[in-house]
Amino acid sequence: VGFNDVVIETPLHNMCAALEQDECIGLTLRAIVIRGRELLANPLVGYVTVFKQHKCGSIVHAHWQIITTPFVPSSVDVQLIRAARLQQRFGLCVGCQVLVSAPTGSDLASERLVLETAHFVVSAPFACRERWRLYLAPKRHSPDFFQISVMELEDLAHVLKRVLQMYYFKLNDCPFNIAVWTRPSVETHRDSWFGSFRPGHRAESSYNYFHWYIGFYPRGKAVPQGFKNATDIAPMKTLPEDDAAIMRQWLTELAEESSPSS
Numbered sequence: 003v004g005f006n007d008v009v010i011e012t013p014l015h016n017m018c019a020a021l022e023q024d025e026c027i028g029l030t031l032r033a034i035v036i037r038g039r040e041l042l043a044n045p046l047v048g049y050v051t052v053f054k055q056h057k058c059g060s061i062v063h064a065h066w067q068i069i070t071t072p073f074v075p076s077s078v079d080v081q082l083i084r085a086a087r088l089q090q091r092f093g094l095c096v097g098c099q100v101l102v103s104a105p106t107g108s109d110l111a112s113e114r115l116v117l118e119t120a121h122f123v124v125s126a127p128f129a130c131r132e133r134w135r136l137y138l139a140p141k142r143h144s145p146d147f148f149q150i151s152v153m154e155l156e157d158l159a160h161v162l163k164r165v166l167q168m169y170y171f172k173l174n175d176c177p178f179n180i181a182v183w184t185r186p187s188v189e190t191h192r193d194s195w196f197g198s199f200r201p202g203h204r205a206e207s208s209y210n211y212f213h214w215y216i217g218f219y220p221r222g223k224a225v226p227q228g229f230k231n232a233t234d235i236a237p238m239k240t241l242p243e244d245d246a247a248i249m250r251q252w253l254t255e256l257a258e259e260s261s262p263s264s
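Going by our numbering, the first residue of the sequence shown is number 3, and it counts up by one from there.
Under the rule of at most 25 Å between Cα atoms (straight-line distance), these lysine-lysine pairs were calculated in the BS3-like manner:
{"#": "1", "residue 1": "Lys57", "residue 2": "Lys172"}
{"#": "2", "residue 1": "Lys141", "residue 2": "Lys163"}
{"#": "3", "residue 1": "Lys172", "residue 2": "Lys239"}
Distance windows between CB atoms, simulated:
{"#": "4", "residue 1": "Leu21", "residue 2": "Arg221", "range": "15 to 21 Å"}
{"#": "5", "residue 1": "Asn16", "residue 2": "Pro45", "range": "38 to 44 Å"}
{"#": "6", "residue 1": "Phe92", "residue 2": "Pro13", "range": "44 to 50 Å"}
{"#": "7", "residue 1": "Thr240", "residue 2": "Ala43", "range": "40 to 46 Å"}
{"#": "8", "residue 1": "Cys98", "residue 2": "Thr254", "range": "24 to 30 Å"}
{"#": "9", "residue 1": "Cys26", "residue 2": "Phe5", "range": "22 to 28 Å"}
{"#": "10", "residue 1": "Asp146", "residue 2": "Asp234", "range": "28 to 34 Å"}
Honestly, the hints are just simulated from the structure, not real lab data.
Just so it is clear, the structure is predicted and the values come from calculations on it, not from any experiment.
Note that CB positions come from ideal geometry on N, CA and C, so glycine has one too.
Please construct the entire structure, taking both the sequences and the accompanying hints into account.
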């Protein structure tokens, strides 16, 4: 039992976000945020899932989807537990460290940086199941995507377009999914695995250990699944540092091609 909303991005049937104006993408994101806040206020909503499918869903027209569940998905619960454990052990936010500080630092992890703006960091994950996968995280620590600021929202629209331009122009408009990972509703704290893991803690303070982020999941060619199915480990033939360098070059080329002087 839940809500299932479709957010139409544009009235044009043959348009996609990679070709859209930043302002139009920003309006779509604003609609998602407003609707998400409304849904989180509903006591029957446990988690608000926000995602986008391109060339791999049942609806061809450019859109996002918002689906709620009365419970917290196990994939989210596991991340909350891990974030709380690392916070408890090291006193640090795993999202701030892995998705923000490491890619923008000076050690080897900085080679996985793909794009940095005033408010966001886009990087290739240390280990992933598909090539060209990316994570986008806000520099400001926040567990809740729906509490994004106006300035962050404008910057996010710009970053989304630049990432999707790579998929469109450099990866031959490949199919992809986008998922927003954010905190659950406070009302579901006691019923989740995370609530059982940290009994007696207020949900508002516990969720502060989490750091919301967006995952980009391009869908490439099928690969042999034997080892992956047996171990849940996806074999990769390339290094994330090498792929990040390629994507940084792609962004430079796209920026030069779109400049007025070119």
